[in-house]
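J.: Given the structure of chain A, go ahead and fit chain B onto it with the hints provided.
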Amino acid sequence: DAKTTQPTSMDCAEGRAANLPCNHSTISGNEYVYWYRQIHSQGPQYIIHGLKNNETNEMASLIITEDRKSSTLILPHATLRDTAVYYCIVRAPRNTDKLIFGTGTRLQVFP
Amino acid sequence: NAGVTQTPKFQVLKTGQSMTLQCAQDMNHEYMSWYRQDPGMGLRLIHYSVGAGITDQGEVPNGYNVSRSTTEDFPLRLLSAAPSQTSVYFCASRLRTSGGASEQFFGPGTRLTVL
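Residue numbers (the numbering used here), protein chains in the order written: chain A, 28 to 138; chain B, 2 to 116.
Next up, chain A with everything else stripped away, as it sits in the complex (with noise of 0.2 angstroms):
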């Protein structure tokens, strides 16, 4: 499965949007995005998920170039309740339940 790349950390002030993106340049054809998120020591929160085309949902909107080697998590008007851990996971059907966490990107949504 291909591996992501994602920013240590980000800021974005409060009712702003947050644009957190993610490479996965070595994405196959039958691999999926997930974006999950890890709220202070709570359990990972899934976000949202995509396979060619963008998506939307309550949450967040994911937007995935056209040849699928990088993907943006939108969440359109963050607040501090935001702050949290993203995660971007490129995962094949097979593998959906062997999830890998990397490190991820440390969201940090000030007043």
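Worth double-checking, as some hints may not be accurate.
Reference excerpt, derived from the structure (chain B facing chain A, CB under 7 angstroms, subset only) [unchecked claim]:
(1) Leu44
(2) Tyr49
(3) Tyr65
(4) Leu80
(5) Pro84
(6) Phe91
(7) Ala102
(8) Glu104
(9) Phe107
(10) Gly108
(11) Pro109
(12) Gly110
(13) Thr114
Computed spacing ranges between beta-carbons, pair by pair [to be verified]:
(14) Thr114/B / Ala44/A: 39 to 45 angstroms
(15) Thr98/B / Ser55/A: 30 to 36 angstroms
(16) Glu41/A / Asp74/B: 27 to 33 angstroms
(17) Asn63/B / Asn122/A: 17 to 23 angstroms
Rather than coming from a laboratory, the hints here were simulated on the basis of the structure. This one's a predicted model, so the numbers in the text were calculated from it and none came from an experiment. C-beta: ideal position from N, C-alpha, C; glycine also.
T.: Just chain B now, kept in the frame of chain A:
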């Protein structure tokens, strides 16, 4: 639905002791997994199960046993606790889907300290 529940929330063991971490889900999910998270690190997969009676090893299985006798429960057993097993343990479950890709639901974690 309670979702994924884990007990206990906290546990302190002495080296050599054994114990079982409990995990239960009430969403009728076929797939369940156990992860551990060491300080400042991402989660690592210990064992997983694709259904009752079926388990397999993950990335760091040594020192742990699992069994899956029912869909709802997936206990993790530490056979002889070691200080290196001090960690936060998370259980997760997900629904089987036709396409294979679906979200995992995580429990709140068990914080284990081995002295």
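J.: Now tell me if each hint is right for this structure.
T.: Here is how each hint holds up against the structure:
1. Leu44: Holds, about 4 angstroms.
2. Tyr49: 5 angstroms, holds
3. Tyr65: 15 angstroms, violated
4. Leu80: 23 angstroms, violated
5. Pro84: 20 angstroms, violated
6. Phe91: 5 angstroms, holds
7. Ala102: 5 angstroms, holds
8. Glu104: 4 angstroms, holds
9. Phe107: Holds. Min distance 3 angstroms.
10. Gly108: Result: holds, 5 angstroms to nearest chain A Cβ.
11. Pro109: This hint holds: Pro109/B lies near chain A, its Cβ roughly 5 angstroms from the closest one there, short of 7 angstroms.
12. Gly110: 6 angstroms, holds
13. Thr114: Violated - the Cβ of Thr114/B stays beyond 7 angstroms from chain A, reaching only about 14 angstroms at its closest.
14. Thr114/B / Ala44/A: 39 to 45 angstroms: 40 angstroms, holds
15. Thr98/B / Ser55/A: 30 to 36 angstroms: Since the Cβ atoms of Thr98/B and Ser55/A sit about 19 angstroms apart, the hinted range of 30 to 36 angstroms is violated.
16. Glu41/A / Asp74/B: 27 to 33 angstroms: 41 angstroms, violated
17. Asn63/B / Asn122/A: 17 to 23 angstroms: 21 angstroms, holds
Checked against the numbered hints given earlier, this structure breaks hints 3, 4, 5, 13, 15 and 16; the rest are met.
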